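Enquirer: With the sequences and hints as input, model every part of the structure.
Numbered continuously in UniProt numbering, the sequence shown closes out at residue 89.
Please keep in mind that the hints were generated in silico from the structure rather than gathered at the bench.
All values reported here derive from a predicted model rather than from experimental measurement.
Some clues are possibly wrong.
Using 25 Å as the maximum straight-line C-alpha spacing, the simulated DMTMM-like pairs for lysine to aspartate or glutamate come out as follows [as the list claims (entries may be wrong)]: (1) Lys80 x Asp38; (2) Lys80 x Asp30; (3) Lys76 x Asp53; (4) Lys76 x Asp8; (5) Lys13 x Asp41; (6) Lys76 x Asp38; (7) Lys12 x Asp38; (8) Lys13 x Asp53; (9) Lys48 x Asp30; (10) Lys80 x Asp53; (11) Lys76 x Glu20; (12) Lys13 x Asp38; (13) Lys13 x Asp30; (14) Lys76 x Asp30.
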Amino acid sequence: MNMPGNEDATSKKSLSLATEQLTAAGFTVDAHHVSASDAVDGLLAFQKQNAVDIIVIGAYGHSKFQQLFVGSTTTKIIAKTLSPVILVR
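Expert: Written out as structure tokens, the structure reads:
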């Protein structure tokens, strides 16, 4: 997902930290930062190309007004994938 400013670097740092924490807890992690102009299409394309078993995605609340115009990336991912999805809040 293309983000303005240094948010791309921030998201990569967050991913790295989460990977370290999960690995320290004994999980095997193969984490990837996906860049795409459309988050849903980018994530689903990556999932298909790499035979991803499960999707872990943040679930952050937006107002009903925002969802009316923008929609929810998380909701769209859940609707379009056949893989299990874990929501992290």
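Enquirer: Which constraints among the numbered hints does this structure fail? Numbers only, ascending.
Expert: Violated: hint 11 alone.
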